[in-house]
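Could you build the full structure based on these sequences and the hints that come with them?
The working numbering applies: residue 1 is where the sequence shown begins, and numbers increase by one.
Only true hints are included.
Have a look at the derived ranges for each label pair, beta carbon to beta carbon: (1) V39 / Q60: 14 to 24 angstroms; (2) V6 / V35: 17 to 27 angstroms; (3) G83 / T3: 27 to 37 angstroms; (4) P38 / T3: 35 to 45 angstroms; (5) S80 / T3: 26 to 36 angstroms; (6) W75 / G16: 20 to 30 angstroms; (7) P7 / V35: 14 to 24 angstroms; (8) E4 / G83: 31 to 41 angstroms; (9) T3 / D36: 29 to 39 angstroms; (10) W75 / E37: 24 to 34 angstroms; (11) E76 / E37: 25 to 35 angstroms; (12) P18 / F42: 14 to 24 angstroms; (13) E4 / G52: 26 to 36 angstroms.
These aren't lab readings, by the way, just hints derived from the structure by calculation. The C-beta atom is built at its ideal place from N, Cα and C for all residues, glycine as well.
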Amino acid sequence: MDTEPVPIAYTALQRGTPVQTSDGREFGTVTAVVVDEPVDVFDGINVETPQGARFVDADQVGQIFTTYVRTSLSWEATASLPGPH
Numbered sequence: 001m002d003t004e005p006v007p008i009a010y011t012a013l014q015r016g017t018p019v020q021t022s023d024g025r026e027f028g029t030v031t032a033v034v035v036d037e038p039v040d041v042f043d044g045i046n047v048e049t050p051q052g053a054r055f056v057d058a059d060q061v062g063q064i065f066t067t068y069v070r071t072s073l074s075w076e077a078t079a080s081l082p083g084p085h
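Set out below in structure tokens:
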């Protein structure tokens with residue numbers, strides 16, 4: 001019996017959590033949650049991919065669950081992500 005993933009806040013996101021495209025294809029894992037500390041605002045996530053470390057902006061993070069992060073990115077768009085913050 002499969003259980004549904006549980007939505008979580010960015011503050012509970014763990015290093016190593018898989019990161020997916022909008023259609024569910026895994027393209028990397030979380031290496032860090034980036035927060036703008038002075039205003040305590042979620043800025044995005046750093047992701048380790050086969051092509052190296054990349055940054056996914058908060059606006060591109062769709063849903064955060066205990067078992068994965070789903071982005072709004074297509075597979076093709078992941079290739080042009082900037083380096084980590």
